[in-house]
Every structure is written in structure tokens, then in C-alpha cells.
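Undergrad: Here this note's numbering is used: position 296 in the sequence shown is 297, and no number is missing along the way.
Careful, some of the hints might be misleading.
Mimicking EDC-like on lysine to aspartate or glutamate, the simulated pairs with C-alpha atoms at most 20 Å apart in a straight line are [stated by the list, open to error]:
id, residue 1, residue 2
1, Lys489, Glu523
2, Lys553, Asp507
3, Lys553, Asp430
4, Lys553, Glu523
5, Lys553, Glu566
Label pairs and their calculated CB-CB ranges [stated by the list, open to error]:
id, residue 1, residue 2, range
6, Ser323, Val401, 42 to 52 Å
7, Ala53, Arg180, 41 to 51 Å
8, Arg80, Leu212, 13 to 23 Å
9, Gly195, Glu259, 44 to 54 Å
Note that these hints are calculated values from the structure, not bench results. Note that the structure is a prediction, hence the values are computed from the model and not measured. Note that beta-carbon positions come from the ideal geometry of N, C-alpha and C, so glycine has one too.
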Amino acid sequence: MKSVKRLYATAMKRLSVDTPSPALKQFPTVAVFSLAALLAFFAPAITVTDRAAIVSACVVMVGATLLSVYFSRLSRVTRWALIVPGFSMLAIALLRVGTGGPTSLFSALLILPVLWIASEQGRRWVFVAIVGSSASIMLPYVLYWHVPETQSEWLRGVFGPLVYGVVAAIVNELSRQGRTQMWSITRLAEEREGMLRETLTFAGKLQENELSLHAANRLTRSVLDAVTEQSVIGTDLTGLIDVWNPGAAAMLGLTAGETQGKRYVFEFHDSHELEARSRELNYPPGETVLNPGFSALVESARLGRAEVRDWTYRRHDGSELSVNVAVTPRVDEEGATIGYIFVATDVTQALEVARLKDEFVGLISHELRTPLSSILGYLELMRDDDESPLSDEQLQYLSVAERNAHRLLRLVGDLLFTAQVASGKFPLDVGTVALSDVVTAAVQSARPVAAAAGITLLMELPSEPVAVRGDSVRLGQACDNLISNAVKFTPRGGTVTVALGSTAEDAIVSVRDTGMGIPASELDQLYARFFRASTATRNAVPGVGLGLTITKAIVTAHEGELDVESQEGVGTLFSMSLPLPRKSLLDAA
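Build the full structure now, drawing on both the sequences and the hints.
TA: Right, here's the structure in full:
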């Protein structure tokens with residue numbers, strides 16, 4: 002029983018095809034025709050009127066079958082294959098001729114080739130099926146030159162083809178609908194296949210991206226784990242820690258498991274420093290008003306500016322250490338901030354070294370000032386000695402020694418001043434300062450040097466006086482430094498312009514020159530002690546690199562800002578902004 006079912010399933014699978022071949026279409030006609038021919042030859046009940054016609058019918062059917070096999074073997078089936086059902090109609094017509102003509106039992110065989118023709122695409126094949134069936138029915142009359150005599154015979158040649166035509170029209174429409182459905186199914190299958198391919202491709206890319214992401218995570222983790230000298234702490238927008246590298250564990254005394262998702266980064270900061278910074282920034286809301294200290298900590302990064310600042314960390318054991326912290330925002334794929342990264346470097350030892358260095362500089366400067374003052378005093382006595390006057394050559398030598406001693410004394414004064422700035426012992430004699438007078442005095446002092454160097458020195462002052470609260474001596478020193486630098490770094494024939502202006506909140510002293518300029522890569526180092534730009538060293542401009550350091554310290558002490566713009570080979574602009582006092586303060590002064 003199972004073997005019969007298996008054979009039946011195999012046969013149905015072979016017969017059930019989307020586009021049957023001409024041989025498969027011809028098979029039902031051949032099978033039924035063969036049975037009819039056997040009945041015609043061997044069944045006594047069948048009336049045989051012309052055996053030659055039956056034999057001819059068999060020959061024609063064999064030829065039609067061979068043609069169907071031929072067309073089936075072609076790579077592409079053409080419309081020429083429709084001659085096969087045409088020959089089949091002829092064979093059936095000849096079989097009818099040999100088995101009684103119009104009254105033949107086998108007229109119904111015509112339905113099989115009619116169905117084949119009618120199933121082709123196009124309405125015209127319905128007409129072809131009608132004409133073919135009519136010709137097949139009327140063939141006995143044509144062969145025997147016999148004209149239908151009765152009305153019944155005439156109707157047989159018309160009504161039969163009409164019935165076949167109706168059947169052909171129905172089959173043609175069903176075939177059309179079947180082809181449409183098959184086309185839709187095929188297109189849907191192709192779309193599904195395309196979607197499947199895209200899905201597989203996407204899945205492959207997703208797997209590749211996942212592997213890349215895992216590799217990137219491993220790389221990031223390995224990099225973080227390798228950073229042991231700096232602490233790297235990552236937080237969300239509220240300060241909750243989600244990244245804690247081994248450097249942070251070593252620096253603060255807690256493991257990643259004890260901090261990630263449990264502690265906030267501002268818990269490790271000195272609360273007084275956070276409060277002071279919040280007060281300085283006027284308590285910015287930042288990302289959350291619930292943690293104003295954290296908001297102050299990340300305010301610059303939140304506004305898109307990376308910030309590097311000195312803070313004090315509190316370890317888990319309560320001890321403190323000085324750190325230099327760089328705060329940068331963490332962004333997602335769309336550029337939105339999702340958290341912050343804090344990279345801290347322990348600068349305790351560096352600060353101690355700097356302190357010792359400043360103490361050493363201060364000590365040496367004090368020790369040098371006394372003998373220098375003595376040397377200058379004795380040089381002055383020698384110059385003014387009336388009892389033993391010096392010759393002109395001796396006076397020339399003496400002036401060289403005196404000039405270098407004064408230069409050395411000024412350098413000692415600068416060193417002492419920078420040591421005071423670094424130690425936080427920077428004294429200011431605060432009062433109301435008329436900046437117009439300070440700028441005018443500084444320009445007048447620099448005019449002889451500028452004239453000797455062949456440089457045009459211009460001054461631009463506002464019609465209204467500009468006054469600030471500050472130390473007039475220190476502000477004059479800052480202006481002197483900026484103007485002398487501009488003159489020193491401008492070649493002969495150049496111009497230095499000193500301008501004083503103001504905004505609603507600040508007074509601005511600007512010094513612009515047409516000198517050699519400063520490389521853009523060196524602008525962030527200008528205010529470091531003893532730093533000299535490469536253009537200065539390349540052009541052998543004298544100096545020790547303390548002027549801008551002192552100027553920056555003076556401006557900062559007055560709660561102002563010192564900005565610089567420069568283009569190498571074009572010139573430099575220094576802008577010193579000082580806050581204007583309130584009207585009530587000026588009146589009180």
C-alpha cells in the first residue's frame with residue numbers, strides 16, 4: 002500500500018509542473034485516441050466505414066506526437082508548437098471519417114486539442130479553437146463531397162463548434178487568471194527571495210558589525226586597562242559612574258564593582274572646590290539641578306568646550322591628592338551628549354616640584370638682588386667720583402657694566418614676581434585707574450625704542466575716559482610688556498597700533514603689530530614661563546620668555562582675560578580685557 006502511494010506521489014510530482022511541455026499536453030490526446038483506435042479495430046459494436054481513414058488518422062496522430070516531443074526538447078517553446086493540436090484535430094477528424102462520419106462515436110475527442118489551443122494567451126485562440134473544431138466536424142462532408150441535406154446535419158456543424166467555443170472561452174479566461182495568479186505568485190516568490198537574500202546579507206553584516214563591536218569593546222577595554230597612571234572615569238548625564246579603569250582604582254582605592262552604577266563622580270571631589278566653582282559660574286543648572294556641584298564640574302564640556310582644570314580628589318580612605326582633570330562629553334551616533342569622560346592625572350609630585358622650584362628661584366633672586374644693588378651702588382660712586390675722574394674709555398666700560406647690571410636686576414625682579422604669582426602671594430594696590438593715562442604713558446615710554454628700530458607706533462584712544470579698578474603700576478607693567486614685545490617682534494618699517502576701547506562690561510586694550518607672527522601650534526604655550534616662540538628663536542630676538550607670563554598673571558589677578566590672534570608672517574593681536582566697575586564703585590572711589 003505504501004509503495005502504491007509512493008508511486009502515485011511520484012507521478013503527480015512529475016505531472017504537476019508550472020509550464021507543461023508540448024509532449025505532456027499531447028499525452029491525454031494520444032492516450033484517449035489510442036483507446037479509440039483500438040476500439041475501432043477490435044470492438045464489433047463500432048461501425049467502421051473506412052479503415053484507410055482510420056490508419057491515416059493513426060499516422061497523423063503519431064506525427065503530431067513526434068512533433069510534440071521535438072518541440073519539448075527545444076530550449077524555448079514557441080507558438081509553432083500549436084500545430085500539434087492542429088494535427089491532432091485532423092487525426093480525430095479522420096478517425097470520425099472511418100467510424101461513421103457525422104455519426105461517429107468519437108466526436109467528443111475534439112475537446113482535448115480544443116482545450117490545448119484555448120489555454121494559450123490571447124483571446125484570438127478562442128476563435129482558432131472554434132474554427133478548428135468546426136473544420137474537424139465538417140471534414141467528412143468535404144472528403145466525400147457530400148453536402149449536408151438535413152437541418153440536423155447543418156446544426157451539427159454549427160452547434161458543436163459553438164459549444165466548443167464556449168468551453169474554449171471559459172478555459173481561456175481561466176488560463177488567463179491562472180497565469181495572472183502564477184505571475185503574482187512568481188513575483189511574490191521573487192520578492193520574498195530577494196527579501197530573504199537581503200535579510201541574509203543584513204544578518205551577515207549585522208554579525209560582522211557585532212564582531213567588530215566586540216573587537217572594539219575588547220580593544221577599548223584593553224586600552225583602559227593599560228592606562229594605569231591616569232584614572233579614566235565615565236559617567237552618564239547625572240554623574241553616575243559607568244566606566245572605572247584600573248588607574249582610577251589605584252588612585253582612589255575602590256574597584257570597578259564598588260563604583261560602577263553605585264557611586265557618583267562628584268563624591269570623589271572636594272565639596273568646597275565644587276561650591277567655589279559653582280559660585281564662580283553663577284550656579285549653572287547643567288544637566289541636573291539636583292547636583293549643582295556636578296553641573297559646575299561639567300559645565301564647559303556641556304557647552305561643547307573641553308576643559309582641563311586642577312581639582313582635589315578624595316580617596317576612599319579620606320586622604321587627598323591634587324589632580325589635573327580633562328573633562329570631555331560622550332556622544333552617541335547622532336551627536337547627542339549621553340555622558341562625560343574624566344581623565345585625571347596625579348600632579349601632587351609635579352606641584353611639589355614646582356613649589357620647590359619657585360622657592361629656589363625666589364631664594365636665588367633674593368640672594369642676587371643684594372649684591373646687584375651693591376654693584377650698582379659702587380658703579381654709581383665710581384662714575385660720580387670727582388677726586389679721581391675716569392677717562393672716557395673707562396666711563397664707556399663702566400656704562401656697559403652698569404647697563405648689564407640693571408638688565409640683570411630687572412630679570413631678578415621678573416623672577417621674583419613669577420615666584421610670587423606661583424605661590425599665590427601676588428600683591429595688588431587696588432584703586433581707580435584711568436586706563437587712558439596708563440596706555441599713554443606706556444606708548445610714550447616705548448616711542449624712543451620704536452623710533453630707533455624704524456617702527457611706526459600709533460595710539461588710538463576713545464573720546465570718553467575709561468576707568469577700571471586695579472593696580473595702576475601692574476597694569477602699566479602689562480601694557481609695557483605687550484607694547485615692547487610688539488616692537489621687538491616687528492621688523493623695520495612695520496607698524497604697532499595700541500588702541501583702547503570698551504564694551505558694556507569690559508575695557509579692552511589691544512596691541513596689534515605687523516611683525517613675524519606666532520605659529521598656530523604654539524599659541525597655547527605662550528604664557529608658560531621661559532617659553533619662546535620658534536619665530537623668536539629663529540630670528541634671534543632677545544628675551545627670556547617671562548613677559549607674557551607676567552602679563553597673563555596681572556590680567557588674571559584683575560579678573561580679566563588676555564587673548565591672542567596671530568598669523569605667521571602677517572602679525573599678532575593681543576587683547577587685554579578688564580572688567581568695568583559698577584557706577585557706585587566709581588562714585589565711592
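Undergrad: Work down the list of hints and note, for each, if the structure agrees.
TA: Going down the list of hints, with the structure as the test:
1. Lys489 / Glu523: Holds, at about 18 Å.
2. Lys553 / Asp507: holds (17 Å)
3. Lys553 / Asp430: holds (17 Å)
4. Lys553 / Glu523: Between Lys553 and Glu523 the Cα gap is close to 16 Å, so the pair holds against 20 Å.
5. Lys553 / Glu566: holds (15 Å)
6. Ser323 / Val401: 42 to 52 Å: The hinted range 42 to 52 Å holds for Ser323 and Val401, with Cβ atoms some 47 Å apart.
7. Ala53 / Arg180: 41 to 51 Å: holds (42 Å)
8. Arg80 / Leu212: 13 to 23 Å: Given about 55 Å between the Cβ atoms, the range is violated.
9. Gly195 / Glu259: 44 to 54 Å: holds (53 Å)
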